[in-house]
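Chemist: So the sequence lines, in the order shown, correspond to chains G and B.
When the letters of the first sequence are read in order and numbered with our numbering, they come out as residues 272 to 724.
When the letters of the second sequence are read in order and numbered with our numbering, they come out as residues 30 to 338.
Be careful, since some hints might not be right.
Claimed, not checked - Part of the chain G face toward chain B, derived, beta carbon under 8 Å: (1) 338; (2) 477; (3) 479; (4) 509; (5) 550; (6) 636; (7) 691; (8) 695.
To be verified - Simulated restraints, written as ranges between beta carbons of each label pair: (9) B:61 / G:406: 48 to 54 Å; (10) B:152 / G:325: 39 to 45 Å; (11) G:689 / B:277: 34 to 40 Å; (12) B:31 / G:350: 56 to 62 Å; (13) B:72 / G:375: 46 to 52 Å; (14) B:60 / G:678: 24 to 30 Å; (15) G:608 / B:188: 22 to 28 Å; (16) G:424 / B:264: 40 to 46 Å; (17) B:61 / G:364: 54 to 60 Å; (18) G:371 / B:59: 54 to 60 Å; (19) G:640 / B:63: 31 to 37 Å.
FYI, nobody ran anything at the bench for these hints, they're computed from the structure.
Each residue gets a CB set at the ideal place from its N, CA and C atoms; glycine is no exception.
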Amino acid sequence: MDSRPPQRRRAHTRTRDLERYAGLFAERTRVMRSSAMRDLMAVTARPEVISLAGGLPDTSTFPPQTFAAQMTRIAQESAAEALQYGPTEGFKETVDCIAQVMAAEGMLPDPEDVIVTTGGQQAIDLICKTLIDPGDAVICEAPTYPGAVPVFCSYQADTIQIECDDDGMRIDELEAALDRLDGEGRRPKLVYSVPSFQNPAGVTMSLERRRRLVELAQRRELLVVEDNPYGLLRFGGEPLPPLYQLDGGDFVIYIGTFSKILSPGIRLGWMVAPPPVMEKVVLGKQASDLCTSTLTQYFVREYFAEGRWREYIASLVEIYRGRRDAMVEALREHFPAEATWTEPEGGLFIWATLPEYIDTEDLLAKALRADVAFVPGRAAYIDERGRSSMRLNFSGAGEDEIREGIRRIGKVVAEQVDLYGALTGDRPAPGEQRNEAAEENVVPFRKAVEGGG
Amino acid sequence: MKVGVLKGGRSLERGVSLRSGARVEDALERLGHEVLALEAEGTLVKRLDEERPDIVFIAMHGRGGEDGTAQELLEILGIPFTGPGVAACVRCIDKVLAKHEMRAAGVPTPDWFAFNETAFRELGAAEALGALEQRLGFPLVVKPSRGGSALGVKFAGSWFEVPEALVSAFSYDDRVLLERFVEGRELAVSVLGGEALPVVEAIPADGDRYDFEARYEIGRTTFACPAELGGGEAAVTEAALGAYRALGCSGFARVDLILGEDGPQVLEVNAIPGLTDTSLLPQAAEAVGMSFERLVERILDLAMKPATA
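This is chain B alone, in the form it adopts within the complex:
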């Protein structure tokens, strides 16, 4: 099969995408496919039209690739692609939208408020910030609504740290959310073809937060897979699958959760999870004896036969 691998792009996760893409290309070659490396750049549509791959493996993260842009384009060109369709991408990339969908579907997610820049600049929303203390409490987490890999995520320990954290978060997106901080274990559930793989727990070294650096640096974070949850697996998996369905994902996804005192809380769903050396989906697949090649093959199969996803 002629498989295009779409990677790169202009998002801040470009580097991650290039690493995911390279690894996927390698696996596809070993599987005996004809690999067509595709950079997300100005000549993409022209190249797709000329080369007409049988399918495109989307190995892009963040804006341009995970937000429905590339998916929309491939739909227009009539070329099948891996992972979720446009609608699921749009819902997943936007944490605020995703949280509304999850709450509506009864999936547990921490309380939050969302603001866009206009609210502060033109509507005096700063006056409403005072209510945060009662509604969310401190510390709280400030995040850009669209963004990945913990870029721009800040913790505010008191009211006085909120404006600064907001300025940082607004550097990445014009909409941010302020979310109640849930203390607990950091878990990720990868979903493949509608089924949950074993739960991975990220245990940052030296009490670090699982931030951008910890995510992509070998040895900075240790992972336990399957995580020792002492009977709590069912609730975690149920929450993850609930989120996957609520957002209309297909093919695969990675659901990030915190396991706090009151049970699991879903933070976000990644429509196109990372496939780098340190990414969690490949680790989870391996825990059930699935090699990276087999994982890649399965993702292709799911895309070719979407009905089974």
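If we strip away everything but chain G, and leave its shape as in the complex, we get:
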């Protein structure tokens, strides 16, 4: 036997090798986007940076004793089973827990229609894998969940983004887009929406628009994918029925997750879909990873058996409400008068829009020098829109950190506003010139609170 010590190997050291690999890449890798963002974000890993960039729930509030007790019980009582493969669809007991969570928002799915997935992200991937051929039309919101963008891209979808305002996706624009596609003899494979406390915009689709969307889906036989990670994280206002409930599950595919109400680290999500779609999704999941983690499904089962999951969510809601308030207050104090932002009634994110001469990717470079980070708006668009917006997360940092983070962002923004003023003086600003042509367009988030004061 060869007794030489194993040598650490980093794959490619010669460009000729690279060329060889490049020739092997699938066509779809050409549209998979990497970005300057990723490199910028490498800098945010520094401990002194206040990151309002992530989408992290606060897992520090989960009681360690509970975690320890549950894992111990699993080890003592069902080690062999918990370490084994499980069914592709997930355990019946996990689906029971899912039913409880969905019931809390007024939904009652047939357990047969549910599949447990490796996070909600896998559900998005599996739906696309099931439905999308290269060039197929997919519709989503503008801005949309930044994590959905690479999924749509990697399946080579032709993604069409529909403008959002404070009441969520503009259904009139959706109809216009559908008509346009119809005229081209095309039918979109799906409409992807995060109706409640949207990521990244923080807005919630109104009841009237929910009804119209469902009615539209039924009339046009259109599949709507409802991604609802934050529905139970409501701080104020009246709960609204999910699209799935309004539709009854014929044309709405529902995605849920334990990530924001329990833990993202356990990677447990789910999907509810009509049986013919589910059949293909199950085959797709088998090909992807055979089954979702057995161990974490056991953990969820134990956790729900304890019966305190609603209390835990209630405690999160209290914490996040305070953090949202702190962020909104800080935005009022530190952002310029021209800035607008959303004031979400739940979820994890605020979407702020700056004067259009500010490019938030460049602003991020400046912000990082001031030790603060956010997500530039462009990440939420397939095209070049969103360049003056930013996503701000308020769940992953404490109230004091949030105030300080917003103060730092406000300072670098103020510097850019001053500089632009000095540059343009009394000359007509390019922004004003351009706006004349754009005035017809409805300004998104028009009800958003004006900054200043």
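On the provided structure of chain G, position chain B as indicated by the hints.
Modeler: Same frame as chain G, but now just chain B:
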């Protein structure tokens, strides 16, 4: 030999540096050296003092590593290092300074104006912007003076796009330059030990600009090496070596040029060129049959015997 590899840092090119560094470490191990991985962080000086490497391979880009900071520190500690000394780093990292040096030495570089933020904030420099149209014409390129990998570089097609482009560029540095846009082929000449390697041409896919993403994503840009210049190589190489000398580089460097209608124009000189999988210096070395390991070894040799550089 005990070789420290310095990488990381806080610059925006941190990710690039980590990739360069990892690749260099790998090559050094294969060459049989003892490798000491060094993160550019608070404990660096302490670690250098304790470990006393025979030489440090600087695989850092942008601020902190390519601007003379790390070099100064190593000089104080008396530890030899790869690449240029402090003075050349200071000149290369600052595009405005570099352009002045190049112009003084007769090296062709596109016309430009430079401004710092104070000029606009306190001296009303905006009034002078009107002169740009006559002096530089449009389109023009707006760049942060210190910055790399095309971050913050914007094109202004008309007067009205200039303020916005300036705001972006000032996000990266308090000094920016406005440069005449030269239409032409994008070339890079890597210089190793005072000699030019074959010219590399970057040909962006689908008419993209050779921006940050195109630079570091495999398959986004195709490279021709040696570039087909039909007899124009001599002028390109001469301009590149002129820039290398004018800025006082040593060891290695990468000179970026545009080959326009009026011949080559030097845009900038990178004192510590990238050594990632998609970087141009390794490609150029390979074109003369020099493997990455041999390239790394040669860079070490040049640093140990600076007289031959």
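Chemist: If a hint holds in the structure, say so; if it doesn't, say that too.
Modeler: Here is how each hint holds up against the structure:
no., hint, result
1, 338, "violated (32 Å)"
2, 477, "violated (35 Å)"
3, 479, "violated (38 Å)"
4, 509, "violated (42 Å)"
5, 550, "violated (36 Å)"
6, 636, "holds (5 Å)"
7, 691, "holds (5 Å)"
8, 695, "holds (5 Å)"
9, B:61 / G:406: 48 to 54 Å, "holds (52 Å)"
10, B:152 / G:325: 39 to 45 Å, "holds (41 Å)"
11, G:689 / B:277: 34 to 40 Å, "holds (38 Å)"
12, B:31 / G:350: 56 to 62 Å, "violated (48 Å)"
13, B:72 / G:375: 46 to 52 Å, "holds (50 Å)"
14, B:60 / G:678: 24 to 30 Å, "violated (50 Å)"
15, G:608 / B:188: 22 to 28 Å, "holds (26 Å)"
16, G:424 / B:264: 40 to 46 Å, "holds (42 Å)"
17, B:61 / G:364: 54 to 60 Å, "holds (57 Å)"
18, G:371 / B:59: 54 to 60 Å, "holds (57 Å)"
19, G:640 / B:63: 31 to 37 Å, "holds (36 Å)"
The structure fails hints 1, 2, 3, 4, 5, 12, 14 (numbered hints given earlier, in ascending order).
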